[in-house]
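Undergrad: Throw the hints in and build the complete structure from the sequences for me.
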Amino acid sequence: MKSYAPHQIVKSCSRIESGLRLAHDGVRACTFSTGAVEAPNYWGPDEIPLNLTKQMIVDKRRALFERLNDPNDNDFLCRKCTHWVEKEYKEIRFDQLEFVNVAHFSACNLRCNYCGFTKNNDFKKEKYSALNILKHFDAKDVTFEASVDFNAGEPTLMKDLDEHLIFFRENKMRVRLYSNGIIFSQAVYDAVKDGTITWLIISVDAGTPSTYFKTKKSNC
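Quick note: the sequence shown uses full-length UniProt numbering, first residue 1, plus one each step.
The set of hints was computed from the structure by calculation and includes no laboratory data.
The beta-carbon is built from N, C-alpha and C at its ideal position, and this holds for glycine as well.
Please note that the accuracy of each hint is not assured.
To be verified - With a cut-off of at most 20 Å between alpha-carbon atoms, the simulated EDC-like pairs for lysine to aspartate or glutamate come out as follows: (1) 11 to 73; (2) 60 to 25; (3) 125 to 46; (4) 172 to 95; (5) 87 to 66; (6) 135 to 149; (7) 60 to 91; (8) 124 to 66; (9) 172 to 194; (10) 172 to 162; (11) 140 to 98; (12) 172 to 160; (13) 2 to 73.
What the hints assert, rightly or not - Beta-carbon label-pair distances, calculated as ranges: (14) 121 to 213: 16 to 26 Å; (15) 52 to 210: 43 to 53 Å; (16) 139 to 53: 11 to 21 Å.
TA: Take a look at the structure:
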């Protein structure tokens, strides 16, 4: 591990330092996955250690930071991203949560004709517990700007959605929740009411019943 002086200018990224994407295809720093710019997985969905610790996540973040600052690592796709910045090393921390993306499954109760998961028949159930990973962090690790995105699968299908929302409420993390709005969830209702869910995005997608059925492949 390379050592840095406190005032040394280094390259870093908020997602490397404090991001966590819990995706159906693995755990990584951020959501960018375009081929040209892509954050490498910390672990695949079947590789997450049973004895996972917060220090393991910190070590993975530190490894990405080291690669970003290695001028000879030309294969590291994060170097092509426009979001990294230069700052003093003393400002760097790897033990916080700022942006969390909960997308560890792609199961859905609709089959929208514009959805990539529908087109590729790529609906996957949960292979690991996102909450078990998040619980390695607590309120002192959460930044003031911390927020959470629920996307990929339909969140109201999650058996432990209420537990996720309780965790985010207790740790003062603002939530964006994307839903098709088919299933009523008391947990979602309560989280909207108390401000835990700051943004609730419902996909209406149609102005008439016939267009809705054609788009959604379901008569709801």
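Undergrad: Take the hints in turn and mark each one as holding or not.
TA: These are the hints, each one checked on the structure:
Distance check on the hinted pair: residue 11 and residue 73 sit about 13 Å apart at the alpha-carbon level, within 20 Å; holds. Using a Cα cut-off of 20 Å, the hinted pair residue 60 and residue 25 holds, with the two alpha carbons roughly 17 Å apart. A threshold of 20 Å between alpha carbons decides the hint, and for residue 125 with residue 46 the separation of about 13 Å falls inside it, so the pair holds. Distance hint between residue 172 and residue 95 is fulfilled; the C-alpha atoms sit about 17 Å from each other, no more than 20 Å.
Distance check on the hinted pair: residue 87 and residue 66 sit about 14 Å apart at the alpha-carbon level, within 20 Å; holds. Annotation: proposed proximity of residue 135 to residue 149 holds, straight-line Cα distance about 17 Å (limit 20 Å). As the CA atoms of residue 60 and residue 91 are separated by approximately 18 Å, the hinted pair is consistent with the 20 Å bound. Taking the CA atoms of residue 124 and residue 66, the gap is about 33 Å. The hint is violated against a cut of 20 Å.
With a CA separation close to 11 Å, the supplied pair residue 172 and residue 194 stays within the 20 Å bound. Taken as a hint, the residue 172 and residue 162 pair is honoured in the structure, with Cα atoms around 15 Å apart against an allowance of 20 Å. For the given pair, residue 140 sits about 12 Å from residue 98 by alpha-carbon distance, which is consistent with the 20 Å threshold. Taking the CA atoms of residue 172 and residue 160, the gap is about 18 Å. The hint holds against a cut of 20 Å.
For the suggested pair residue 2 and residue 73, the alpha carbons sit about 14 Å apart, so the restraint of at most 20 Å is met. Against the hinted window of 16 to 26 Å, the Cβ-Cβ separation of residue 121 and residue 213 comes to about 20 Å, which satisfies the hint. Between residue 52 and residue 210, the C-beta spacing of about 49 Å keeps the proposed range 43 to 53 Å intact. Between residue 139 and residue 53 the beta carbon distance is about 18 Å. The supplied range of 11 to 21 Å therefore holds.
Hint check: a violation occurs at hint 8 only; the rest are consistent with the structure.
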